[in-house]
Amino acid sequence: MTELRELARKLLSDGQVKVVIGYEEGPRGVRPLFATDGAAADRLIFDERCVQNLATYLDRRRVHVARLGKPAIVAKPCDVKAVAGLLRETQLKREDVVIIGVRCGGVLADPKSLQRLGPDTMADRCRTCETREPGLVDYLVGPMPEAVRGQSGRDAKIAELDAMTPEERWSFWQKELSRCTRCQACRQVCPLCYCDRCMADKTEPQWIESSPHPRGILAWHLIRAIHLAGRCVDCGECERACPVSIPLGLITRKVAQVVAQRFQHHPTDDPSVPSPIGTWRSDDPQEFIL
Amino acid sequence: MDAMTISRADLLGLAEDLLGSGIRVVGPAKASRGMVEYRAVAAASELALEGPELPARSLKEFYLPPTEPLFAWKSLAGGKVELMEARMAPPPTVVIGARPCDAAGVEVLDKVMGWDYRDEPYFARREATTIVSIACAGIDSSCFCTSVGLGPDATRGSDLLLVPIEGGYRAEVLTEKGARLVSGHQGRFRPDSGAAQAQEFKQKARAKVAAHAPPDARPLRSWLETHFDHPLWAEVALRCHGCGACAAVCPTCHCFDIVDEPEGVTTGVRRRNWDTCQTARFTVHASGHNPRSDQNSRIRQRVMHKFMIYPKRFNEILCTGCGRCVRACPGGMDLLEVISRVSALAGGAG
Amino acid sequence: MARIGVFVCHCGENIGRTVDCHAVAEALAQVPGVVHAVDYKYMCSDPGQQLIKAAVAEKGLTGVVVAACSPHMHEKTFRRAVQSVGLNPFLCEMANIREHCSWIHEDRAKATEKAIDLARMMVEKVKRNVALSTVRIPVTRRALVIGGGIAGIQAALDIADGGAEVVLVEKEPSIGGHMSQLSETFPTLDCSQCILTPRMVEVYQHPRIKLLTYSEVEAVEGYIGNFRVTIRKKARGIDESKCNGCGACIKACPNKRIPSEFDCGLGKRTAIYVPFPQAVPNIPVIDRQRCTLHIARSKGKKDACMKCSEACQRGAIDFNQQDTLVTEEVGAIIVATGYQLYSIGRDQPKEYLKGYGEYGYGTIPDVIDGLQFERLASASGPTAGKILRPSDNKEPKTVVFLQCIGSRDPAKGIEYCSKICCMYVAKHAMLYRHKVHDGRVVVFYMDIRAAGKGYDEFTRRAIEEEGAEYIRGRVTRLYRDGDVIKVQGFDTLSGSPITIDADMVVLATAVRPQPGIDALAQKLSVSYDRHGFIVEAHPKLRPVETNTAGVYVAGACQAPRDIPDSVAMASAAASKVLGLFSHEMLEREPTVARVDESVCAGCFHCERVCPYGAIRHKEIKDKTGKVIRVVAEVNPGVCQGCGTCQATCPSKSIELQGFTDAQIFAQINAFVG
Amino acid sequence: MEKGNFEPRITAFVCNWCTYTGADLAGTSRLQMAPNIRIVRLPCTGRIDPVFVIKAFERGADGVIVSGCHPADCHYTAGNYHARRRFAILRELLIFMGVDPRRMTFSWVSASEGAKWRDVVNETVERVRACGPFEGWRSLGGGLT
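Protein chains in written order, with my numbering: chain A, 1 to 290; chain B, 291 to 640; chain C, 641 to 1313; chain D, 1314 to 1458.
Please keep in mind that the hints were generated in silico from the structure rather than gathered at the bench. Note that the coordinates shown come from a computational prediction; the quantities given were computed from them, not determined experimentally. The beta carbon of each residue, even a glycine, is placed where N, CA and C say it ideally should be. One or more of the hints may lead you astray.
Stretch-level coverage of chain B by chain C, calculated; a stretch enters the list once three of its residues show a Cβ under 8 Å from a Cβ in chain C [stated by the list, open to error]:
| no. | region |
| --- | --- |
| 1 | 361 to 369 |
| 2 | 549 to 558 |
Which residues of chain C face chain B? A partial, calculated answer using Cβ under 8 Å [stated by the list, open to error]:
| no. | residue |
| --- | --- |
| 3 | P672 |
| 4 | S1238 |
| 5 | A1310 |
Full structure from sequences and hints, please.
Structure, rendered in structure tokens:
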């Protein structure tokens, strides 16, 4: 903790950055902190409640954040993968951000949680995550955590769904999605959903209807999954942000499994690795094509 | 105001009676993943009446649905167009187990919905619905109903308020509708006996919320009127993702969008959908110009609308202190904190 | 408001038999926006087209749908028709109710219903069509030819003779390429230099050819008709304007024992040299790795030797000369970088290539390759045309030729056939027998591939008249045994192992592209296969074009080629270039992509999927000139209209004209909606 | 509607150079096939956006065909390779969300494979017929409900 705070104070004092985007103890759980001076920097923390993926705040379209000046960002391995995504897709220049990587042994599901980190309390995505130490960073802080691993309820659920009949899967998803009001929280918190004008907001023609009726809801979640295919870093923000607890992680995880198995692609913090969509191999599997 | 008591069993029985007589019963019920939501139940056994959770979304959607058709069109040869109005016959409904903050939210909405133009779909549903609330024990540290002139036992918007007592509830009849519901199901009610217990419950609940709730938000109006450009807005906006989850779960946010959806080449439907001032496209002009070009102005708009603009017009705060926006916010935005900060800036008003 | 006309064709009985064309017209008349719908026996006939033209004029149609045969059949016909009466051709579409309906269905009711759907879908598309006009791009009528071998020479001369300027770039000090190393050429056995040298001189003297030897392409910008090429002129150490090619400097150079590249190491050269006597230009170059003065300088010592400059009366020697960069504006580029031979050595340039351990990895001095044999056989070669083996300059009495060394041998990493070996081995056999009458020639081969004019006759002659012994089989081992090379092989026809005591062994090693071809291909953004051969735009129909418009390919850099093939390709490429140069403006189909800059997020997925490199980065600046956004921009000169960018664009900010989302959306709606 | 007398409605998205031409060949060869499909012609499978398939189902298609050039035959060199990845993902995603895989056909049909096109069409129609009408998606919201 002191390591992190001292580094932040240094970066701010010698003018390397104008703001350090990190985590602080809020009135109701851990929340993002935008530290612009030493005093604020002393509020920085990092622990298993630091769930949020702060890379989302690096999007230049967030003018109110961009106005603060060059940022440093406190980033877990999955967050760094998101930064790499922004670099890969020319949304960010490497020299325009300082990355303070934090070693991570997994986080809880909810920044407001009061539980201690354990195999059953840890966020589901962390139970299958291998990366403890982020690459691509300018600084690396924190002790190397022991690897807490757990059973992924998510993968089990996917297997369960795969075993169902199409009709059963259909009704499962219709029931889950029926709660969606198209509030777009899943889109807004996603570090890789950065378009100036989302396809779902395009009206001529309106491929994705804006109405939260089951048709518009399904179309939205399908296109979101497709656009994130091979790009999703599995930071879990969409599912966490959903105010009606739709299991969005099941969808992104399923697509990630398909991408990994078909194209041997896994989320990476190496910006030079091209995304699997936009590239191809002449021997890509095509067993489904007549 | 007369009161009766009703046992838990009889309350569920009442729900069954209503269902039996073809009346739609809406109430808090367990949804998947341990979440509670207000929904029309098929059996009283589905009802999860006293929490501990707050239903994820408010009662708003039963009056102002996330999406509703207004009319359908069909264009015919020769440039003629045929219109079909959406029929408006909402089913008779009794809400059982509404939270006082959600019931109050509906009454707050009545103002704007019936203001310069009377919103027919809204009021049709309003009239067809009776709200039976259950006084709340206070949920968690995000509650602040006591800061907006309400409380865990608020009666506004409810037709009947049930206050938990030993073995059941003390039912306080608040409106004609409430009275009709009671008289219609006399057998389920017993004479009043729990006044003292109920009083104790209310006091404990109020104390629980007041312990952490910010100061009274009603006096903030004047400060807000004069501090449109205060640096506070830029600061609190930083965390905001502009997602609108807050508005989606809010009992009083009521902005909507009108869209024309083609459903074929010649047919389509005009719909009314929820919208929110927190997204950039809410205010973007056809020209591409956006008067609220950054999140500061959008956050300010949300706070201003709730605590200054709406009060100015309707003498009513557009917030019931349910705390859903705080719980739902992925960015950790905190309306309680904003109220406290503004109060402090306004010189500790309230 | 759209005013669409629908014209339903009976195609005689072809459509009318199974589709009720009149019913189709009547149904379409009821579709909103359709103001005119008729059916007619033959729409493509003159009266049929008249029907359409008249309606366009009289009814003021804003769009036309012809429900008839396949657009592949008559789209151009009908678009021309509407154009003739002032309607933009791209406002006319065809609904295919013949190939896709009447010809494949029998049930009249169902076929008619389908025909109505197909026509309706097209009506909805046409409502959203917009007038498009052909893309016009200026063309710089000047060509760049990369490579001064026979292919490059031929291409340069053809273009220059055709009236356009040419810049010919050659990385060696002289043009001529491999052909200038050859002794005689198959199947006519005429002297290679005798036919090549005049062409080289022609190039040198041609008023419209700018020759840049000892130069390499550094960078390429731009697109078809408008390339900007940066070329590095490597420092020769000679002031070309002063040198008259007298050769005094070469005589003066004390450093005379340097293996000559031109003679494949069999001959020697000096540090300041011309590769061969007929070199064009006849201007020496200083090999700084070998020059005493430069070696001294590189070690920080003072200039050790200046004999050449002392010998030069014209003061043309310039030890301090530096590389210079020149830029050339050209409209088209021909790649003709040629080939190199695979070497059987242990060290290979690519990991998938393997050397020949069984042949001693090229360590046996009297095991040489085909080009070395050419030099031995060449009158201007190191042995003045005598066949003498390298180790002891004795005349070999038994020479064994091995074909397919590397070629057609996936185990060695090369699966393709090198094409020229069968022929030059037969040629070598003859040349040897002509020079060594009592000599024995043995050829190990897999198959004889002599498909070409006079080729089979030629190989037969080698076998039947010149007494070359052809053994079908592979050699399993080569090793030295005292004075001879033991060649152990297997005769697959007699089924017996065989050993031959050879004095010299000549390997017909595989043909590979020039080193560095991949780097060049990347600069030109043309694709190349795993071996580095440039990939043509279409293997059958566009053999000399590449997938980058304005870049063409000729000769052995595309695949193993012999001289006639290379020359033919070169002339073909030249004619393509002259065709391109025949207009001031290049006209292209307007069905190209366009970016909506106001919403483009600048993620450049479009750039990643574009097969043609048509996407450029465009900076959007604010009033102060500060870059606020970088968005995609389509180069209409390069875009070929596949639309992959649009399907990939997450925000749908790029649109393929003629197949926009709005048009396809409408078609989808029109069927099922 | 029972499955027996139900006529599937199938939208086909095909590329201009291979499959569309192959379908033309089927026509010129008079190969009889089921009349249930309607072709939308695109320049290249690379142009076929997953959202086309989604919209077709939304609008009540009972099945969808996507077809283009065989690998290495693409007129634009690589559009079909990009499409192949795109549709591999779309297909598994739709299956995961509960769409019956039999409703989706992906095929490579070259300009010379008129007979293959006929088979692709007939087999798809029969598979979709066996699934029955896709009420699931068609009935999702919309209208005045």
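Hints and how they fare:
1. With 5 residues bearing a CB less than 8 Å from a CB of chain C, the region 361 to 369 of chain B meets the requirement of three and the coverage assertion stands.
2. For the region 549 to 558 of chain B, the assignment as covered by chain C holds, since 6 residues bring a beta-carbon within under 8 Å of that chain's beta-carbons and 3 suffice.
3. Nearest Cβ of chain B to the Cβ of P672 of chain C: about 5 Å, under the 8 Å cut. The hint holds.
4. Taken as an interface hint, S1238 of chain C checks out: its beta carbon lies about 6 Å from the nearest beta carbon of chain B, inside 8 Å.
5. Interface restraint check: A1310 of chain C against chain B, minimum CB-CB distance 5 Å, threshold 8 Å, status holds.
Consistency with the previously given hints is maintained throughout, with no hint failing.
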